[in-house]
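Start from the sequences, fold in the hints, and give me the full structure.
There are 2 protein chains.
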Amino acid sequence: MSLRFNLIAETAAGGRRGRIVLPHATVETPVFMPVGTAGSVKAVAQDVLESLGAEIILGNTYHLYLRPGHDAIRRMGGLHRFISWPRALLTDSGGFQVFSLNSLRRVTEEGVQFRSHLDGSSHSFTPEHSIDVQIALGADIIMAFDECTEYPADHTRAEESLRLTMAWARRSLAHFRAHRHEVPWNDFAASVSRPAVVRASTPPLGSATLNPAQNGVPQVPCTGGPGMDVSESEIRLRTQCLFGIVQGGMYRDLRRQCAEQLTAMDFDGYAIGGLSVGEPRELTLEIISEVLPLLPKDKPRYVMGVGYPDEIEQYARMGVDMMDCVLPTRAARHALLFTSEGRLNIKNKQFAEDQSPPDPACTCPVCRRYSRAYLRHLMQAGEPLSATLNTIHNLAYYLGIMHRLRASLESPSLAPETRSCSSSPTTDH
Amino acid sequence: MSLRFNLIAETAAGGRRGRIVLPHATVETPVFMPVGTAGSVKAVAQDVLESLGAEIILGNTYHLYLRPGHDAIRRMGGLHRFISWPRALLTDSGGFQVFSLNSLRRVTEEGVQFRSHLDGSSHSFTPEHSIDVQIALGADIIMAFDECTEYPADHTRAEESLRLTMAWARRSLAHFRAHRHEVPWNDFAASVSRPAVVRASTPPLGSATLNPAQNGVPQVPCTGGPGMDVSESEIRLRTQCLFGIVQGGMYRDLRRQCAEQLTAMDFDGYAIGGLSVGEPRELTLEIISEVLPLLPKDKPRYVMGVGYPDEIEQYARMGVDMMDCVLPTRAARHALLFTSEGRLNIKNKQFAEDQSPPDPACTCPVCRRYSRAYLRHLMQAGEPLSATLNTIHNLAYYLGIMHRLRASLESPSLAPETRSCSSSPTTDH
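Protein chains in written order, with the working numbering: chain D, 1 to 429; chain L, 1 to 429.
Among the clues, some could well be false.
Calculated pairs, SDA-like style, for lysine to any residue (alpha carbon to alpha carbon, straight line, at most 20 angstroms) [what the hints assert, rightly or not]:
no., chain 1, residue 1, chain 2, residue 2
1, D, Lys349, L, Asp71
2, D, Lys297, D, Asn348
3, L, Lys349, D, Ala72
4, L, Lys349, D, His63
5, L, Lys347, D, Leu118
6, D, Lys347, L, Gln314
7, D, Lys347, L, Lys349
8, D, Lys347, D, Arg330
9, L, Lys349, D, Arg75
10, D, Lys349, L, Arg67
11, L, Lys347, D, Leu66
12, L, Lys347, L, His334
13, L, Lys349, D, Leu66
14, D, Lys297, D, Asn6
15, L, Lys297, L, His334
16, D, Lys349, L, His334
17, D, Lys347, L, Ala72
A partial selection of chain D residues facing chain L, derived with a Cβ cut-off under 10 angstroms [stated by the list, open to error]:
no., residue
18, Ala38
19, Ala352
20, Thr388
Simulated from the structure, these hints should not be mistaken for laboratory data. Even glycine gets a Cβ: it sits at the ideal position worked out from N, Cα and C.
Structure follows, in C-alpha cells:
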C-alpha cells in the first residue's frame with residue numbers, strides 16, 4: 001500500500017497511538033488536521049503552521065478546482081509545491097462542498113452537476129473527475145467521491161444515498177488504480193505517462209530556477225525515468241493513497257453494511273463521513289462507536305469534520321486516528337478562543353484591560369507574547385492581525401490536545417495528568 | 001537631552017549615517033519607520049517585524065486616543081507593553097489625522113474640535129491635550145501638535161497656519177517639559193507623581209504575573225522611587241523626547257522662518273511636515289533642500305509621510321535621518337509589490353502560473369518561500385494571508401533599501417554597488 005501505518009500502542013478503550021508514513025511526511029496519530037480550504041490555512045503562514053507542529057493539513061478539492069484550477073496546480077508541480085507546504089496534505093473529494101454550497105445541484109447516477117458559488121458557471125463532478133482533480137492536486141491522501149447524506153433523512157432516502165456512495169466508491173477506486181501514477185510529483189508520471197501536461201515553459205521539478213524553499217519541498221524518490229519499466233509496487237510506494245468513506249446516515253444497519261463493503265474493497269484507509277451535519281452529539285458518538293470496530297485495525301481511521309476540543313479528545317480515545325475541522329480557525333476569526341479555562345469571546349468588554357495571556361496554561365507564541373486586552377483591541381479595531389493571532393492560538397490549543405493525548409496513549413500511566421491538561425470546560429466568559 | 005544622537009559619517013552631498021539612542025532601542029539611521037496606525041502594523045505580527053529588522057515603528061495618536069483610549073493604555077503600562085513591542089516607538093501628534101479624517105473640524109487659537117470618524121462623537125485636541133495623550137501612550141519620540149497646512153494654500157493662508165503651528169509648538173514644549181516625568185514606563189512617575197492612575201488591580205511593571213514576553217519588554221532603569229528626589233537630568237535620561245515640526249506650506253520664506261524659530265526652542269529633533277499632501281514631487285524636494293541646512297546638525301531630522309522607494313533613498317542621501325509612510329503596507333494590501341525589477345501588481349493574470357519569487361533579488365521570508373503564482377492566488381481568493389505576505393515583502397524591501405544605504409553612507413566606496421541594489425524602476429507589469 002502507498003502508506004504505511006504502524007500501531008505503536010493501543011488502550012483497553014480502543015484508543016490507538018500510531019504513525020502514518022506518507023510520501024511527504026510521517027504523521028503521528030491521533031492527529032488533528034487544520035483546514036486550508038483554498039490552499040491557505042486562513043490567516044496563518046506556512047512557517048507558523050510548521051512551528052506549531054502541524055504535520056498534515058487539508059485542501060478542499062471543490063475550491064481549488066474552481067480557483068486557481070487543478071490543471072494550473074498540476075502544471076506547477078502539485079499543491080505541495082504551489083502553496084510551499086513540504087509536509088503531508090489531504091484533499092477531500094469535493095462532494096461535501098458541492099452539497100453544502102450549492103442549492104441548484106443535480107445528482108444522477110453518473111455524478112453531480114452544480115454551479116460555482118463564485119460566478120454561477122456550470123460544472124460537474126463524477127467519481128472519475130473528482131479523482132482526476134485530486135491526482136492533479138497531488139495530496140498524500142485523497143478521498144473517494146461520495147454523497148454526504150443530509151440530516152434528517154429517512155431510512156429509504158439514506159439507503160438510496162448509500163447505494164450511490166457505494167457505486168461511486170467502486171468507480172473512485174478503479175479510476176484511482178488506473179491513474180495514480182499521474183500524480184505531478186511522481187517524476188515517472190511527469191516524464192512518461194502524461195508528457196502533454198508538462199508545459200515546455202514550466203520548470204521541471206527540482207529546477208534551480210525556483211526559489212530555494214520551493215526546491216526544499218521533498219520529492220518522492222524516483223527510480224523510474226523515460227522509457228523505464230516501473231513496477232506496480234514501486235508506483236504504489238511513491239504515489240497517493242485513497243481512503244473510502246463510510247456513509248449511511250444515522251442508521252446502524254446501513255453504516256454496518258457500508259463499512260463491510262468498503263473494507264472488502266481494500267482502501268488505504270477509512271473515513272467516517274456524514275457526521276456533524278446537524279445531528280445531536282449523542283448520535284455522532286453512537287455512529288462512531290458502531291463503525292469503528294468494523295474497520296480494519298491495520299489502517300488509519302478518519303472522522304471527517306469534527307469537532308470541539310473535548311470531542312476530538314473523546315473520539316481519539318475511542319480509536320479515531322485522524323480528524324479535521326474548520327472550528328478552531330473559523331471560531332478564531334469570530335473572536336472565540338479555546339483555552340484551558342474554557343471558551344473566551346475575546347471581543348468581550350471584560351477583557352478591555354486584562355493583561356493576562358489568552359490562556360495562562362498555554363505556551364503558544366500568542367500566549368507567550370500578547371495579552372487578552374491587546375487581542376480584544378485588535379478585534380475591535382478590525383485589525384487583520386486579530387485573525388492571525390486568534391487562529392494561531394486556537395490551532396496550538398487543538399494540536400496541543402493531540403500532542404498530550406499521544407503521550408498519554410503511549411504511556412497510559414501519564415493519562416491522569418494529560419487528561420487534566422486537555423480537559424475543556426465549555427463555560428463561556 | 002533624552003535622546004543621544006551620534007553622527008557616524010557624513011557625505012559631501014549631506015547624507016548622514018547616524019545612531020539615535022532612545023529609552024527602548026538604539027536606532028541606526030537613516031531609518032524607515034513602518035506605520036502601526038492602531039497599535040499594529042497591519043497584518044504583520046510583532047515577531048516578524050523584529051525579524052525584518054524594524055527598530056522603530058509608529059503609532060497614531062488620533063486612532064489610539066479614540067480606541068482603546070490613552071488612559072487605558074496608560075493603565076496598562078504604555079503602548080510598548082500594550083502591543084508587546086520592546087523596541088522604539090514614535091507617535092504623531094494626532095493633528096494630521098484630525099485634518100485628514102475630519103471634514104467637520106473647527107480650528108481655533110486654542111486647538112481643534114473634531115468628530116470621531118468611528119462614531120461621530122465630539123472631541124478636541126489642544127497642544128496640551130495632544131502631549132498628555134502622547135505621554136500616556138509613552139512612545140520614545142513624540143511630536144509637537146501642529147496644523148498641517150493644506151495644498152494648495154496661498155501665502156496669507158500658509159502664514160496664518162504657520163502662526164498657529166508656532167504658538168502650538170511653544171505650548172507643546174512647555175507642557176511636555178512640565179509633564180514628561182509622567183510617562184507610564186517611568187517607575188518614578190508611576191509610583192509617585194500619578195499614583196491615582198495606577199489601578200490596584202493592575203500588576204505593577206515587571207510583575208511576574210504577566211506573560212514572559214511582556215515582562216521581556218525592557219524597562220528604562222529607574223533610580224528613583226517613592227519619596228526620593230530625582231534630578232531633572234535623571235528624568236530626562238529616562239523619559240520621552242519631543243520633536244518640533246517645520247511647517248510653512250510651499251513657501252521658502254515661511255519654512256525658513258519656522259525652522260529658525262523652532263531651532264531656537266531647542267527640541268530634541270526636528271521634523272519637516274506638510275509634505276506629500278498633493279504637491280508635485282519637485283516641490284517636495286525643493287522644500288526639503290531648503291529646510292535641511294537650517295536644522296541643527298547634532299539632532300535627528302525626520303521627513304513625515306514619505307515616500308516611494310526611490311524617494312526615501314534620495315532624501316536620505318540628502319541628509320534626512322528618519323522617514324515613515326503607509327505606502328509599503330497600504331500598497332501591499334492592494335496587490336502592489338515593490339521589487340528590484342520594478343512594481344508588480346500581483347493580481348495581474350500574467351502571474352497566474354509564474355513560479356518565480358516575487359523579487360528574485362530579495363531574501364525576505366516571502367521571496368524565499370512563495371511564488372508570484374501563489375501570492376496572486378491568495379489575492380484572487382481573498383485569503384487573509386495575502387495581506388500578510390505582501391506586506392512582509394514590501395517592508396523588507398523598504399528596510400533593505402535603508403540597510404544598504406546605511407552601509408553605503410558609512411563606506412562611500414561601496415556606494416555604486418548598493419545603489420544598483422536599491423534602484424527602483426517604476427515600470428508597472
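Each hint, compared with the structure:
no.: 1; hint: D:Lys349 / L:Asp71; verdict: holds (16 angstroms)
no.: 2; hint: D:Lys297 / D:Asn348; verdict: violated (46 angstroms)
no.: 3; hint: L:Lys349 / D:Ala72; verdict: holds (12 angstroms)
no.: 4; hint: L:Lys349 / D:His63; verdict: holds (19 angstroms)
no.: 5; hint: L:Lys347 / D:Leu118; verdict: holds (17 angstroms)
no.: 6; hint: D:Lys347 / L:Gln314; verdict: violated (44 angstroms)
no.: 7; hint: D:Lys347 / L:Lys349; verdict: violated (39 angstroms)
no.: 8; hint: D:Lys347 / D:Arg330; verdict: holds (15 angstroms)
no.: 9; hint: L:Lys349 / D:Arg75; verdict: holds (16 angstroms)
no.: 10; hint: D:Lys349 / L:Arg67; verdict: holds (13 angstroms)
no.: 11; hint: L:Lys347 / D:Leu66; verdict: holds (17 angstroms)
no.: 12; hint: L:Lys347 / L:His334; verdict: holds (9 angstroms)
no.: 13; hint: L:Lys349 / D:Leu66; verdict: holds (16 angstroms)
no.: 14; hint: D:Lys297 / D:Asn6; verdict: holds (10 angstroms)
no.: 15; hint: L:Lys297 / L:His334; verdict: violated (39 angstroms)
no.: 16; hint: D:Lys349 / L:His334; verdict: violated (32 angstroms)
no.: 17; hint: D:Lys347 / L:Ala72; verdict: holds (16 angstroms)
no.: 18; hint: Ala38; verdict: holds (4 angstroms)
no.: 19; hint: Ala352; verdict: holds (7 angstroms)
no.: 20; hint: Thr388; verdict: holds (6 angstroms)
In terms of the numbered hints stated before, the structure departs from hints 2, 6, 7, 15, 16, listed from lowest to highest.
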